[in-house]
Structures are given as C-alpha cells and as structure tokens.
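Once you have looked at the hints, place chain S on chain C.
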Amino acid sequence: MTADKQDSDNHTSQRREMTGAEMVIQALIDQGVTDIFGYPGGAVLPIYDELHQQDKINHVLVRHEQGAGHAAEGYARSTGKVGVMLVTSGPGATNAVTPLQDALMDSIPLVCISGQVPTTLIGSDAFQECDTIGITRPCTKHNWLVKDVNDLARILHEAFHVARTGRPGPVLVDVPKDVQFATGFYTPPETSPRTSYRPKVEGDIEAIKQAVALMATAKRPVIYSGGGVINSGPQASHLLRELVELTNFPITSTLMGLGAYPASGKNWLGMLGMHGTYEANMTMHDCDVMVCIGARFDDRITGRLNGFSPNSKKIHIDIDPSSINKAVRVDIPVVGDVGRVLEDMVRLWRASSEKPEKKAIGEWWAQIDKWRSRKSLSYTRNKDVIMPQYALERLYALTKDHDTFITTEVGQHQMWAAQFYGFEKPNRWMTSGGLGTMGYGLPAALGVQIAHPNSLVIDIAGDASVQMTMQEMSAAVQYEAPIKIFILNNQYMGMVRQWQQLLHGNRLSHSYTEALPDFVKLAEAYGGHGIRCEKPGDLDDAIQEMIDVKKPVLFDCRVANLANCFPMIPSGKAHNEMLLPDEATDEAVANAIDAKGRQLV
Amino acid sequence: MNAQNLASGSAYFIAKETELPITTVLSVLVDNEPGVLARVIGLFSGRGYNIESLTVSETEHEQHLSRITIVTRGTPHVLDQIRHQLERIVPVHRVVDLSVRADELGNDKPIQRELALVKVAGLGENRNEALRLADAFHAKVADATTEHFIFEITGKGSKLDQFIAIMKPLGLVEICRTGVAAMNRGPQGM
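Residue numbers (the working numbering), protein chains in the order written: chain C, 1 to 601; chain S, 1001 to 1190.
Treat the hints with care, as some may be off.
[As the list claims (entries may be wrong)] Here are the in silico distance ranges between beta carbons for each label pair: (1) 1018/S x 385/C: 58 to 64 angstroms; (2) 1063/S x 118/C: 28 to 34 angstroms; (3) 504/C x 1189/S: 56 to 62 angstroms.
The set of hints was computed from the structure by calculation and includes no laboratory data.
Backbone N, C-alpha and C fix where the C-beta goes; we use that ideal spot for every residue, glycine too.
So that you can see chain S by itself, here it is in the shape it has in the complex:
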C-alpha cells in the first residue's frame, strides 16, 4: 500500500451525522456562585453546541439556587451529551430536558413563556393602529408619550415574533426580549 491510495488530508476519522436535529428546552439548577453562568455557556461554545435562548435568575434565595433555562438544538445524541456534560459541572445540581419530560408526562410540550419590551414611535393612524393591535395581543403599555409607546408583551415566542413583525411598519424602534422561561404542566416539580 502506498501513500497515494490513502485518504488524504486528515489525521481524524470524521463520521457523517445521520440523525435530524430537534429543538429542546433544558432546565438547569445551579448554585448561584460567581462564574457559574460562564461555566455553562463556556461548555456550549467550547463543545460546539447551540444556544437559541438563555434565561437565568436566582429562584431560591435562601439556598442560593439559580435556574437556567436553555433552548438548544441538536440531534438526540448530541442533546444527550449536552445534558451529561452539564451534569459534570461541579455547581450544577440537576439538568432536566423539559421536552423529554413533557413526553414522559404525556404532554405535548413544556409551557414556554417569554416577555418582550417593544418600543414603537409614530404619529397619527400608525400610532392608533399600534395601540389597537397591542390591545388585541393583550400587550400592556409600559410607557408612553404622544410620540411613542413601550409595549410589554408576554407569551410564546411565536406570538412575540408575530407581534414584532406587525409593529415593524408601524414605527418599531427597539426590542428587548427576556428569552424563554419554561416549566412542565402538572403538579410535580422539575
């Protein structure tokens, strides 16, 4: 055998991925200590995983526990790896794949909600239309002058996307979204 017959170029064995990627929601319970978020997101960037949305806040003040909600996308095999890799992080208490858990509970999906602040500036008919639509979407007015509104809207991501798309021609100035908060239906905890 000689060099010419060999596959060239790589000292690594690269296998083709055959599974299709799916989107899932992970809930990660962590000790709220300095650097814990960096550990979690560093793991995602370091290992080439995706983050589509990330939300974090301390949820149990006395125990200093934070809950991180991550929407990520990957093949089932990769999602399994993400969960296990997260569990290796020392300050991580628990990792639950809410989508898988919803399946186990016989639910369609976990409940997912997001909050957005949407600033719209304009006068005349556009301004009236923005307010009418905001009402239809059950968005609240968080701030207003005669020239602008800041709407506060809560709901599924798709609802927010739709609302923002409608506001675009009506004088959309800026958007701030919190990212997804998620939880499974039913009486049991995570």
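Extracted from the complex, chain C is given alone in its bound form:
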C-alpha cells in the first residue's frame, strides 16, 4: 500500500481518482463491510489483487459460489447487516443464482459483485461470458451492469441502499474487467438515492388506529408474525413482545419469524402452517381477529385458501404493498416497516381505554389450552433407535444455555428443528423458507460463524441436503470456523419419502440413498472431527463431545429411518383438518415399514 493511498483511506468523503477495482474495495469499506465471501476467477482478478493489498476487508474463500451466497445470507441474517459475495463471470455468476433467489424469497439483504468480460467483448460469446444481468434479473431486487468506471461507486452505494432498505433483498452489480482496470472518480456514499425508489416505512396512522380499535373488540384474537419482524431489527421484536404482553393475545409465527417472540413465552403457540402445532393452526382457524405482522400468507402457512381462518377480520402489516391481498384478502392493510407500525400500535393501545372483554379472552385461552393438551408434537420414544425428535430435544437441552445459532438444510429435519428447538431471540435461526434450498445450512453456518467467531453455530442437517454443499467443510477448516453439522441421518430424503408415502402409494422413487459416505471419515478427510451416534443412550455424551470440540464437526446421528414429520396439513386441507401423530399410526406407516424391510434388510 502506498503512502498516498493510506492517507486517502482516511479521507473517504472526498472525490478521488482511483481504479474501478480500488473503488470496489473503497465502497465496501465505506458501506461498513468487514467480511465478504467469494471465489476468484479471470474476470475479477483486479478486485482480488486489490483485496490482497489491504487489510480492512476479510475475504472468506469458499469452495463453490453457491456456498459464498448462502454464507453471506447466514452472515446477514445473524447480524442484521448486508451480506456480500464476490464471484467471477460466467459459471461464477450462474452458481450465484440459487442463493440470490433464496435471498429474494426470504428477504435477505445481499450484495453480489460479479466480474464480467470486458465491455468490448460483451455479446461476443467470450470465454466465461454469460448474460449475468439477464439471468439474475428475476432473482434480484435490482441489478446493474457498470459500463463506465465513473458510475461504479454511485452504483455500488445505490446497490447497498436498495439491498438493505424497504423489503430487503439481493442485488447484483456486474463489473466488466476493463471497468475494474479503468481509472475514474470515486464518489462517497452520501449521494442521494434515486427518486423512483422510495419505500414507504411509516404506516398510515388512520389505518393503525382502525387496527387497534378492531383488536380491542376481539374475543378470539391471534397474532401471526413472520420474518418481517426479524428483518425490521431487534427493536421490532422487542415491540412485538411488548404488544403481546399488553394485549395477552396468543401468538404464533411462520418458519421465518421464529425467535421474534420467545418460545418460552407464555403466549407462544408454536409455529403454524403445514407442520405447525395443532394449537397454532386451530387458533388461526377459529380466531375472530387476526393480526398478521410481517408475514405473507405463504401457501405453506394457509393450507386450503377458502378454508383459511374463515370467520376472522384480518389486519396485515407489511412493508411490501404487493404482499397485501396477494393470497388472502385482508380488512385492514397497513403498509410500512413493522418496527415503526408496532411502535404506533403499542402507543395507541396504551393510550386507549377500549380493551377486549377479559372474560372472552379468558374463554379463548381455555379453548387454546384444550388444543394444547392434544400435544400435537408428541412421538413415541424408542430405547434402541434414536427418534429424530428426541435427538433435537437433546440437542436443544444441551445447547440452549450456550450462545447458540441454528441453521438448517431443507426437509423433515428442518421442520423438526422448527418444532423442537426453542428460539428465545431473533437472528438466531437461519433457514431457507421460501425457496427451500437443500444445501443452505452448511455454508450459512460458515457465514454465521465468521460473524460470531465465539458462538456455538449448529447446522441441523439431513443426510441428503448436507451433501449438496459439503465442500464448504473445507472452507470451515481453513478459517477455523468450528461449525457443528448435526446430521439427522435416516438415509432417505425424508420429506420426499413422506410425500411419496402420503400421495404416491408409498412408491419410494429415488428417495433412498443407497450409498452414503462415511460421514466420520469424511469429516476427518476434511480435517474436521467426526462423531457417529446410533443409540439413544449415547446421545448426550456425543452431543457434549460435539460442543466441546473446537473444530468443524460432522455429527452422524443415525435416526429412525421412516419417521414422519407430524402434525401435518395434508394437501388440499384447511387448518382444522390436520393429520396428528396419533392418527397416523396406520396402514400408511405399515406400508412404509414393509418398504423398509424390502430395501434395508
């Protein structure tokens, strides 16, 4: 680093001349970025050269660009900051598509900087060229191709602004190699954002007043919160807790919203939706006033739409106007940032003398307690075989007093994790909700661990999902990120198998993995630590070993192969037509056991 450059680093607000590659680094610094995830290649070499000559930005080298994206998502979700990934042109950019779409669907702020072939070669089918802007247009909130180095800094700052404001999401800036080499003027971040992009954050006060008035008339209320509460920041979760405390309303949450309200809170009903608890879904179905806060009535939540909470008035708070009335018609929409709206709501509720009838709310809670007593998450323990639910109960018991972050892959293990792991705080739960990306959890855990080096970061995984991004074990070892990959290994794609059992006559087409790697040896091959546990009696000690090891761990937890994830709203059914675990011990399961006999013996 030259003396000149060192000097100028301290004066970031000045318009300065530098190369495009330098601008990228400077913009990252000015945006408060400290860690990025990436993979070098021909079209980003100038940026990598600059990275090499500075020490403000820590670059984490992944093993596949998809890993960079999910790591950046995990980083973003666990910190509330914008996640950053850096990839090369062509295959680098196409490999980034999955995490970009994942971040789009789960509203995760993510900036992807991609290299591109030189502007003069664009369109010539050059080596490692692809139409990155065209390919990523539908899977980003916005994207930019930078053709002039003098636009680069402004675009990068705008990219961060778009990613983090409004409904957060992924953006991509495509930087051709000649632009990285070219010299131009750097503009600092305070440039005013474009006029066409002005997300509405303040809720309409009249609508909020109406909402509060409606809540005060409720006899059977429910609060249904989602990922928007987490995205809005810790203050929103705080206000949500305050609102629940003040109103004594029952609260349930989507998969994405877990942790906004503590699982140990007395008003907590558990998660709702397809694999939600009986009490949460019945409360949603029978309520008279529903307060939806930062959730979007996803099809995994609602069940059959015309049977969804048929007798309720609905309030919907969301920062994205297109979420309002998209799937479910609501009575009082409030467009705005959840945190701001909740602030008004709490204030108005406190100031108002109108309160719900105590007796009615009491009766409602009595009804909810009846539903709770159904114990919809119960399962039959087995002293010889580890039940997956039992494994998660023990994992929770042994890790809850640590500073723990949980990521997951996608499938049965994900649902069991949501059901059995209690989240007390926001930003502790990283999962692929909207896109359902198998392979999300391992790299996401890496990203979380980079952001929280001293915390306990666990990826609750399945044996199928985890193999999709297993290569990031190598990155975890390189960066001494002691992530714990807790694999519920049933040798099946469990959720696929469950659907085949329920919908396709138990014909288990390609959902069984006949050849699995030896995860213990695999861990060792990567330079990590492998643990295998096959008996319930050994589980606690094995989990303790996993916690104590200061290395990345692959924990091969051999669980009952054919356990199903219940309760469940089967396809085409409403919330009050759930399939409960004690009703599912029949023919369907018997068939499955036959299949087990056929395939395993």
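For chain S alone, coordinates are given in the frame of chain C:
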C-alpha cells in the same frame, strides 16, 4: 387416516378463480435506462400475466423518463397485483391504472389511440376501392406506386381492426401496428 383418503397429486393448494377477467390500460412511468423494458415484460411473463398491447417511448428527454402503456387482462385481484408488482421495480416511478382512474374521474374509458401502416397491393377496381375506403376511414397515403399503397391510419383499435378486415380482400400485403397509446380526459396529469 391413510394415504388412499387424501387428495393425490399435488403438494400445493390450488384455489379456483371465481372473478371474471377484465381488460385494463396501465401507464407506467420509468427511468429510461438499459434493461428497464426487460424488467417490465419479464415480470409479466414470469408471473403469468397477459400483455395484449405494449407501447414504449421516452417522453421526457431531460429527465430520461419513458412512458410504457400496457393493455392487460385479468381479474381485478390480479390487476391489483400487477400494479403493485410493477411498483416494486426499482426504476419504476409510477403506475396508474388508466381504466380505474377514468372511472374515478367519471369518464367512460381513457382515450386510446393506435397507429397502423397497412400495405395494400393491387390493380384496377380493387385499387380504387382501397383508396375510396381509406378516404372514408381518414387514412392517409404514406407511400404509393401504381401497384400499391401504404396507408397510415390512426384511431381506436377497433377502427383499425375494421379497416384491416376490409382491406383483406383488396390485396392486403402487410400490417404494422404501434400498440395502444392512452391517456385520460380532462386537465389533470397522470
């Protein structure tokens, strides 16, 4: 409960659409920058919306603003979604449903005009008839030889349809239409 009792085949909940589709005209004001049209039409194809007509041109050169006019068809619920989804696009400034706005203003419909170039080739009586009809429709002759005319006609889409249908037996060769430009009546802007 067993597998046989369950609805088979889908992991999704598919609801029947009960509303009737209607046609509407959207005006979309956007920053005229590369890719903005791709963003708009990509949204329509990606989300399964219809485009019946699309017109776009820069309308305010100094501010680099383009106005896109889209004729689309869908249920009121879908049309509402289209409007909101368009508003999410970063370079989109405003989206106005001109048909809804016309209703609010107490008008029947927004003014909609389209231009067509219609090439007709032929000799003798057909040629004379084509010219007579063009005159009746207030179409202009944009180009001609002794063997052909290119007519330039402006009006509502239905008028153009009618004109083109009449020209068919008279030696219609090719047609080029601009798509609908639309605006609401009265002194106020969009």
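Hints, one by one, checked against the model:
no., hint, verdict
1, 1018/S x 385/C: 58 to 64 angstroms, "violated, 49 angstroms"
2, 1063/S x 118/C: 28 to 34 angstroms, "holds, 31 angstroms"
3, 504/C x 1189/S: 56 to 62 angstroms, "holds, 57 angstroms"
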